[in-house]
Structure formats: C-alpha cells, structure tokens
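Peer 1: We have chain U; now place chain F onto it with these hints.
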Amino acid sequence: MRLILAGIISTLLLLPVAMGLLGVLLPAFGYLPVLGGEQVSLDVWRALLAEPGLLHASLLSLRTGLASTLLSLIFILLLLAGGETWLKRRLQALLSPLVAVPHIALAVGLAFLLMPSGWLARLGSPWLTGWARPLDWAFPNDGNGLALILGLVVKEVPFLLLVALAALPQIEAEKRLAMARSLGYRPATAWIKAVLPDLTRRLRLPVFAVIAYGVANVEMAIILGPSTPPTLAVLIVEWFQDPDLSRRFLGSAAALLLLSLVLLALLIWQLAAHGLAKVWLWLGAGGHRDLGERGLSLAALLVNGPLAALTLLALLSLLLWSFAGLWRFPEAFPAFSLDTWERHAKDLLASSLTTVTLALASSGLALTLSVLALEASSRDQRPPGRGSLLVLATPLLVPQIAFLFGVAVSAAESGLIGAWTTVLWGHLLFVLPYVYLALSGPYLGLDPRYAAMARSLGKSPLTILLKVKLPLLRRALLTAAAIGVAVSVALYLPTLLLGGGRVLTLASEAVTLSSGGDRRLLAATALAQAVIPLLALLLATWFGRTKLERRGMR
Amino acid sequence: MTEPGYGLSLKRLSLSIAGTQLFPPLTCRVAAGEVVAVTGPSGSGKSSLLLAIAGLLPRAFQMQGEISLNGRSLLEMAAEARRVGLIFQDPLLLPHLTVGQNLAFGLSREEYRSRDARRQRIEAALREIQLEGFADRDPTTLSGGQRARVALMRSLLAEPDAVLLDEPFVSLDPMLRRDMRLLLGQLLRARGLPALLVTHDQEDAEALANQTLSLICHS
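So the sequences go chain by chain: U and F. Under the working numbering, the residues of the first sequence are numbered 1 to 554, in order. Under the working numbering, the residues of the second sequence are numbered 1 to 219, in order.
One thing to keep in mind: the hints can contain errors.
Claimed, not checked - Here are some of the chain U residues that sit facing chain F, going by a computed Cβ distance under 8 Å: (1) P306; (2) S378; (3) Q381; (4) Y450; (5) R455; (6) L457; (7) G458; (8) L465; (9) K469; (10) P471; (11) L473.
I should point out that these hints are in silico values taken from the structure, not numbers from a laboratory. Cβ coordinates follow ideal geometry from the N, Cα and C atoms, glycine included.
Looking at chain U on its own, in the form it has when it is part of the complex (with noise of 0.2 Å):
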C-alpha cells in the first residue's frame, strides 16, 4: 500500500518535472524537430550568450531572490527573537493570515500603492509633499529591483513567520528559552542562542522555497520588477511566448541557466549559513548574556510594523481602486462607483468560478492523496525520510518556468493542452506539496494511543481513519485544504502555459490586465483573487473549532 502511494506520488511530482526538464534540454542543445531544429549543437548557448541583457536580467535575478530570503528571515527572526510582548503578539496574528494572500493580488496592491501617482503619495500630496502632479519616477518596476525585493519581502514574511511559528512547539522552544533564562541570558539572547540554532535547520526547505521563488517567479516580476531588461523568468516567458518560434530554442536554453542560477543561489546561501554557524558557535560559548536587547527589540518593530501596515494598505488600495469612479490627482480618495464591478460582473464571475473549481478540486485531491500517504506511514510506523521529502520539493526548488515549458509542449503534441483537467492536474502538482507538508506534522505527531484505544475496542483501521483519525484532525485538515486552495488561487504559470489561453483564472487575468490601463478592473480582478483564499482561511479556522470554541467556552 505504501509503496504503490509513495509511486502514484512520486510519478506525479517528479514525471511532469524530468519530463519538462527533458523538454527544456533538448531544444537548449538545439534539438525539437517540430521547429526544425534536427541538430544537437552548442549554436542556442553561443546566441544566449550574445543576447544583450542576459547578465544584467540574470544578475537582477538572483540578487532579488536572495536579498528578498535574507530580508525576510532576518524580519521574522526580529519578531520571534525574546519574550513576547502585547505588540509582537498583535504584529504576529496580523501577518499570519496574509499568507493567504496571493503574490499577485499583493504584488498589484503594493503598485497602486507606491507608484507615482498612487495612493500613499496622493495621501501625502500637496499638503506634505508639495506635488500637484505625479513625479515622473520609475517605482514599482525600478531598474534596481527595488520594488520587486519590497514585493517579494511582504510576501514571504506572513509565509516564513507562519513555518516558524508551526515549528517553535516541535523543538520545544518555551522550554529552552527557560532554561537558558534562568542561566542569566536576557530573553532575545537567549532566543538567539537556545532556540534559533534549532529553529533555522527546520527552516531550511522552507527557506530553500523561498529562494527558488525569489529568484524564478515570474508574475511578482513582471507587476514589480524592470522591464528594460526584466529579469530572467520574464525574459525566457517573453521568448517562449514569442510569435517568432526560433526564439523557443533561446527560452529552453535560458530556462536551464535559471535553474543553474536557482541552485547557484541555494549554493550561496548554505556558504553563508555555513559561515555564520561557525560565528554563532563562537558566540553561543563566549557566554554573553546580553547582545542588544533593547537594539533588536525595537528593530523588530521598526521592520515589522511598517512591513504590515503596508500590506494593509495594499489591500486597502485594492478595495478602493475596484470601486473608484473619478480620482484625480492628487485627491486622496475616489468618487465611490460600482461601475466596475456592474460591467465586468459576468467575466469576473467565471474567471471566478474556473478560479474556485480548481482549487477545491486540486486541494480535495491533494488532501485525499496525503491522508492516504501519512495514514500508510503511520500504520508501516516509518515516517516519511529524506527522500520523500526530497521528491515533495522538487516542484517547490526546480523553477516553474524550467520545466512547465516542456510539459506544455508535450500536452500540446497529446492534444491535451487548454483542458481543464490538464490544469487541474498542473496545479496539483504544487498544491500536493503544501498540502502534504501542512499536514504531516499534525498527523504523523497524533497522540498513536487513541488508535491503541481504539484497536482495543474492536475497531478496524478503516473505522479508527473515519471515525477516531480524521475528527481529531479536522483543524489540521481544514487548514491544509485552505493552505491548498491558497496555493492553487496564486498559480500562474501553470494555468498560462497548460490552459492555452482556454483555461481563464483571476491570476492569469490579472497579469494580463497589469500590462494594460484598466486600473479599476485589475483592481477588482486581483482583489477578489485575495478574498478566495483568505475566506477559504476564515471558514477552515471557523469549522476547524470545536463546538466549544465556536460557542466561546474554550
């Protein structure tokens, strides 16, 4: 049983990505003889390399991937670092759920917030500024990155912090941070020393994601980052998207460096984790009981709080784009209208619908598939090893944009491509991940007595999954559904390149509409990509409280 699982899921996440790999490599060395390319030589390389603008969009790359994980990090080590207090109590619970928040619809709110003429400067114009027109500045989409780095920081924090916060309970951190208290260490050193060392190991994947993210996303990059040159996942989506076909074989080439780059940057940071390990160690024995307290408390607030607020205000400038009716320059309000929502009311409800069925459909099945992994585990009594964990992250580390290709290519030449199935199956594949690793902490840590108890009562293991297993879960499960229709809402890539056009989602809309005028409609598209997710969020804590709860009582 478990090994017939542990092939179905390995054949689904790892299939698609050596299959697409495949499809990259061979037109990178110049092989796809439907665009007669019969030849395998180095000719693709040589034009890569000659095309201006590779070094910079490369470079543009991998220095927003990293420097976004390393800002993300060190904000949500801020916050955790020390005791708690009221404040990084409330920061803590307001970022969590903006996990949910797709990169898209944050990414959208965060330039209509910033941009020259959006809402944070018409809030502080003329009267602080002195600007009765927008200046003329290129940010979002600045050359630096700049923009992008900010985009991607908002977005991984409420992610990092919500990884962290699950873990701290596994290591027992309140416990070590008691201990090396009452050894005299002020209570952030003692964070630092007690628990972070601990804490970054269980961190690694995630952060590795975040990494791989940083550096290959394509939709953060094409609302946030430059343009002249974008960075290198836009650039290789330009070239696959090219209507001069001879650019594929340029795209499949530059796919294979993004992914270089990808593990190129992992490699950067395991150095430096490396060498600041070595730097820890000195500093854990040299027995300092106070390195800054009162320093990294405030930074932690410093970081933060600005951080939150400005994703609030993202959103908030979401909601009031989508009902705005005239909004001059500099006024810092609009003339409320629901123009918006009354004309394009019927595409965005079937964008809407195409958006939620997919989500329901791949989480439901990602679900069932986990349930049936984690329960076989749990009855062979071997939890999942390295390489499980290694075959659920491949999707998460290899760059969508490395592989999706190749998978496209062969829905294509299946005549499977465009079908809603062929994108459901898409999502899935990084739906399945999420979902499996929200979920087998809680499942594999479930108390197993209660199965004990219940084997000793007569019951069959099928009566002891529905009846004993799956209630005493169900806050887990409803949260892993709701991580998973997050997931699914927020995909992209998946749904350009497997959809053909024919499959329309609030993403996929509402990258489309960021590169046309229609402010009020992207509006009104990315923010009802946000409310999916962060119901599904709501209704998963809801229903995932005992009756109890639910009446107040516990």
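Peer 2: For chain F alone, kept in the frame of chain U given last:
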C-alpha cells in the same frame, strides 16, 4: 472455580529491542476475575508488555513466547480481534464526541443495532459509573476523575475478555485514586475479567492485585 485454560496466560514471553532483552522470559497466568500488578523500574518494559498482549507492539520490538486468552492463542490475531481492553493513564476521550457517544464508541454494532438499545445500554453504563445525565456533555468539561471513569466504562462496554491497565490512576489526586480503585475493583469482579495493572504505586497494587509480577531489567 475457574475452568482450566481460562484467563490470560503468558508462556516464556520476552521482549527485546535492538538486540537487548527487556526482561527475562516471563511465564504467568491471570485467572478470570484476578488482577495481577506489574511493577518494575522505568524502562523495564511494563508498558511494552501490555502493548504486546494487546497486539500493538511497535515494529522496533521483537517478541518471543506465547500469549493466550481463554485458551486461544493471540499471537497471530490482529489487535482489534483480540478482545483485550487497554486503558492508558490518559483517558483519551474523543473530544469530537459527547460523553454518551464516547461510550457508544465501545459498543459492538452487531450487538446493539437499534438506537434505543444503544441508548439504554449507555444510560445503564452511566449509572454504573455514577454519571447519570452526563450523556450529552462535552468530555472536555468533565473532571479528571469523571474522564477516567468514562474511559474505563468505554473499554468495558466493548466486552473484552481481559483488561490491561497502564497506570490508569497516575493523574488523579489521592482521594479520586481511592474512589477509582474501588470502582475498578467492583467492575472487574462483577465481570470476572482477568486484568494486568501496570503501576508504580504500592497502594494500587495492594488494594487491587491478587499477585504482583516484578519486571527486572536485564541490563
């Protein structure tokens, strides 16, 4: 007088993990209605012995010897078919079910097909553990002693042929402990069940057990 072969028998039973034997081969018989206290230092294999009898020993362990209950060998039987009740130190009541539903979880579906029959049996069981009127209560609102009583009754409602108790009183205060001992003694005697009681408490052993089995670590 108990029929020969009735009760729980262990013959040269030994457990080992990673090549280390936990205790010397054990031979003993617990007759129907008899309670045997199992004592020994931590790590001597007391809880593992109970899991082995219940058919729930983790794979990391190896077991040798014979286990039989009322004359039938348990070794090749699945845990759910052994008819051996297992009670842990935590009551492990299912929080998504009411007290009544927790008790009904122990009832056999074949024997109590109708809703009425199940309800009557639950009401009688609640009376037996002095919790009348508690059927619709959320188990998390019960006191520790009440939870322990429900857990004990749930196990007995499955009509086991033997009961294994793994320090069932450890989380109770001295007063409740004494009450639970009395209740447990009554219920086991009334049903004539053989029972193994793992305990660290000499008072538990003296109050309930007919004999004591001491596990001594090999190492």
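Peer 1: Each hint should be assessed against the structure and marked as holding or not.
Peer 2: Taking the hints in turn, this is what the structure says about them:
no. : hint : in the structure
1   : P306 : 41 Å, violated
2   : S378 : 12 Å, violated
3   : Q381 : 5 Å, holds
4   : Y450 : 6 Å, holds
5   : R455 : 4 Å, holds
6   : L457 : 4 Å, holds
7   : G458 : 5 Å, holds
8   : L465 : 13 Å, violated
9   : K469 : 10 Å, violated
10  : P471 : 4 Å, holds
11  : L473 : 10 Å, violated
Of the numbered hints listed earlier, those contradicted by the structure are 1, 2, 8, 9 and 11.
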